[in-house]
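Please put together the full structure from these sequences, using the hints given.
So the chains spell out like this:
Number of protein chains: 2
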Amino acid sequence: MGLYEEIDGFFNPKTVALIGASTKPGKIGYVILENLLEFPGKVYPIHPKAEEILGLKCYHSVDEIPEKIDLAIIAIRSTDVPKTIRKLADMGTKNFVIISGGFKELGGEFEDIEAQITKIAKEKRVRIIGPNCIGIFDPRTNIRSFFQPRSRMLLPKPGSVSILTQSGTYGIILLEWSAMDHLGVSKFVSYGNKADVDEADLLLYLKDEPNTKVIGIYLEGLKDGKKFFEAAKEITKVKPVIVLRGGNTEKAKKAVKSHTGFLGGGGRIYRDVFRQAGVILARNLEDLYDMIKALAKQPPAKGNRIAMMSNGAGLMVQAVDAIEYEGMELAEFADETIERLKKKLPSYAIISNPLDLTGSATDDDYYNAIEIVLDDPNTDIILVFFVHQDSPVTPSIIDKLAELNQKARKKGKPILVGASGGPYTIELNRRTEEIGIPTYPISERIVRAAWVLYKWGQRKNTE
Amino acid sequence: MGLYEEIDGFFNPKTVALIGASTKPGKIGYVILENLLEFPGKVYPIHPKAEEILGLKCYHSVDEIPEKIDLAIIAIRSTDVPKTIRKLADMGTKNFVIISGGFKELGGEFEDIEAQITKIAKEKRVRIIGPNCIGIFDPRTNIRSFFQPRSRMLLPKPGSVSILTQSGTYGIILLEWSAMDHLGVSKFVSYGNKADVDEADLLLYLKDEPNTKVIGIYLEGLKDGKKFFEAAKEITKVKPVIVLRGGNTEKAKKAVKSHTGFLGGGGRIYRDVFRQAGVILARNLEDLYDMIKALAKQPPAKGNRIAMMSNGAGLMVQAVDAIEYEGMELAEFADETIERLKKKLPSYAIISNPLDLTGSATDDDYYNAIEIVLDDPNTDIILVFFVHQDSPVTPSIIDKLAELNQKARKKGKPILVGASGGPYTIELNRRTEEIGIPTYPISERIVRAAWVLYKWGQRKNTE
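From first to last, the protein sequence lines are chains A and B.
By this note's numbering, the letter at position 39 of the first sequence is numbered 542, and the numbering carries on one by one without gaps.
By this note's numbering, the letter at position 358 of the second sequence is numbered 861, and the numbering carries on one by one without gaps.
By construction, these hints were calculated from the structure, which means they are not laboratory data.
Among the hints, a few may not be true.
Which copy? The list can't say, so a pair holds if one copy fits it or any two copies do.
As the list claims (entries may be wrong) - With a straight-line Cα cutoff of 27 Å, these simulated DSS-like cross-link-like pairs (lysine-lysine) come out:
id : residue 1 : residue 2
1  : LYS958    : LYS913
2  : LYS627    : LYS517
3  : LYS710    : LYS740
4  : LYS530    : LYS845
5  : LYS757    : LYS846
6  : LYS660    : LYS710
As structure tokens, then:
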């Protein structure tokens, strides 16, 4: 069995056992079971005494399970984990997710327990995710090992983004942001201490995983830098990989050590190695999210020449500043474009790039302006800013944007939207996201998203 | 009449006239009138033909108005503005807000019209805000000259933040963000081309305005740098002023020119002058907002030593990095603090700073940890991170935070909260904001907010 099948086993089990099911609502072993109720395959809760939890028949030990288990989710004391894995592996289980903490991150004897797990994985030829993590999620098969109650956490639909994260917290945040923005997810792995499966294994898997188009990673440290480098170099030839590193400073490295038992992911050497591997580095969690959203929803850009328009110029002034800081270019409109804009737009519009449609701008003005600017051979990326609070624009603009997005796609030109405000604007942004155009709250963030589309376009063209 | 009374007249009129009322729903002159319906004083719509709009009796010209107008809001063609102001000034009106565009930003003859307005203000001893702006808002008196419909725009309650902005768009965004976060506003002025009243006048006014505690400014250019510098130097002795500058690069300066008719606010000279005046510079619009929110809701910090805790360590790892980047310090807990934490917290807690309460943390664990850390003489600022999605913490934590916030205030130690996610977490963040603790979505932003509280604390101590 190759790496692809080994890892794919996590996301396509037919039978799942939860070792450490709990009878107490709110407890980790109870919430995981609640989440597993949504999984369509067969679920076996293991509890030493209970007969039934949440309507599912319980088994008192793994020996009692009547059939082969494809995936075992483990949420018991760390000291009991090695023998449980050994037994299940002997019974044919190939994939394990260890949610429990109490391993390497505590040091001393607990580090030894984790070493045993790594050894078992090799000896028994099984694959293990974790320990000390929230595990896996696949919106297509609905397998999910999370201990966060459904009522507290939105989940995204199936899509093209895959997320790998050493921190469960960051994973939860990225999934909820994705769900709110109609950004679909393919595979999600929170791998914690990575006793066995690491980022490199997952990257090689995602390289061939057909639904994955973009990969976002949060990591705090690497066990095997060379292995990561080689894997990243391969995948970034075909799919963009955005990495956010935690623990760059000396003090943070200490904090990382007691978090997942690693040295931090920081420093200049790391940075250079990542860049050589074709990885794009994020500045913070919002930046990571902004970039994967752009890459998942819009095509790579053919160049760095940006056209922009707005019914309120404030956002554009700062976008022009950001364009210079990020090494992008303000497109120079062709003469024909200027002529067409003058003909089509009312006299209040200030025809230039940035294109100020002014507060009097209507839906039609936006439609005409975007259509004309898309035709210009001197433009590569279109940024459309809205002050949705101004009354001449209406919610019907979303339908027009959907149509223009199709036209833009044919030309290979990304469209990004910038708009901010309260509930009314938030709702229109959600609808804009739903039709496949990503939205950004401030100028600096939309220009950065444009930058990553340009960057990925360049990388694709040189391969 | 002194400057204070002159400017205060904008916010405390008894009678208001709208020159340029419209009968057509959605038009600027109609929406402004809709907004003025919420103003408790007397409102006179001026329209050349209409008898009544929105239930209000119309006057066909300013001559027909039966009493003295305190504040005139003007939304007519720029060419008709000078004579209208002259007439009203002769009739006793002291305060004018010109919403209309079509002045300096268009150049040429339109620049001359604006020059006439500046001249009238001086000659007639009246004060004028605008042109080319959305004007004023005071949540206490409910005077509001906006042309954004109420249904599209949330408005904040009365409070301690005053906002000055050259861009109406940025003003709208800041007001809506404030409203969502229960951040109250004192005075709001979008001043556009500032033909008469400028930032310096407004700063000197706000210095003495009793409700204003914090000032946020977005500006694209200064007419009189020295005047601004002198005013800023005065007010920053008593109240913090955060400035976001647009148009820093050469290309952006061009964009600014056609926006409000100014040269951009950029470059190193500007930056140094601002700093010498005691102004704190924001990096972008979110940064401006994050900082004014912290300053309005929490006390200045006595030092830069940060204590932090979380039930998910991911956010803390990056916060430690950010602390180093911003020149802050990770507090070293006193021995007594360590002892008390060990005694009060369960064995799963990893006692250090950052304090990892782990995913098992309960409301009581948070309460105990915050209370103990507040007592430590080595801590100046407390950052509390939440993964609200983890079930052992409950929404009751908000009540506990409210209680701890009172204790912290007595000690002069700010508390800031970091939490991110979907609707469940957003709702808890809103409730956290409601009890007066500001919330931030990512580590870099919460540490920056801590920084500004430290910075302002330092400034206050040196005066």
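Evaluation of the provided hints:
In this assembly of identical chains, the alpha carbons of LYS958 and LYS913 lie at most 27 Å apart only when taken from the same copy (20 Å versus 51 Å across copies). In this homomeric assembly, LYS627 and LYS517 come within 27 Å of each other (Cα to Cα) only inside a single copy, at 21 Å, whereas the closest approach across copies is 84 Å. Taking the shortest Cα distances, LYS710 and LYS740 sit within 27 Å of each other inside one copy (9 Å), while across copies they are farther apart (58 Å). In the homo-oligomer, the alpha carbons of LYS530 and LYS845 lie at most 27 Å apart only across protomers (23 Å), although the nearest pairing inside one protomer, at 65 Å, exceeds that limit.
For the identical chains of this complex, LYS757 and LYS846 are inter-copy neighbours only, at 23 Å across copies versus 63 Å inside a copy, given an alpha-carbon limit of 27 Å. Taking identical chains as interchangeable, the C-alpha atoms of LYS660 and LYS710 lie at most 27 Å apart only when both belong to the same chain, with a minimum of 21 Å there against 52 Å between chains.
This entry satisfies every hint, going by the numbered hints stated previously.
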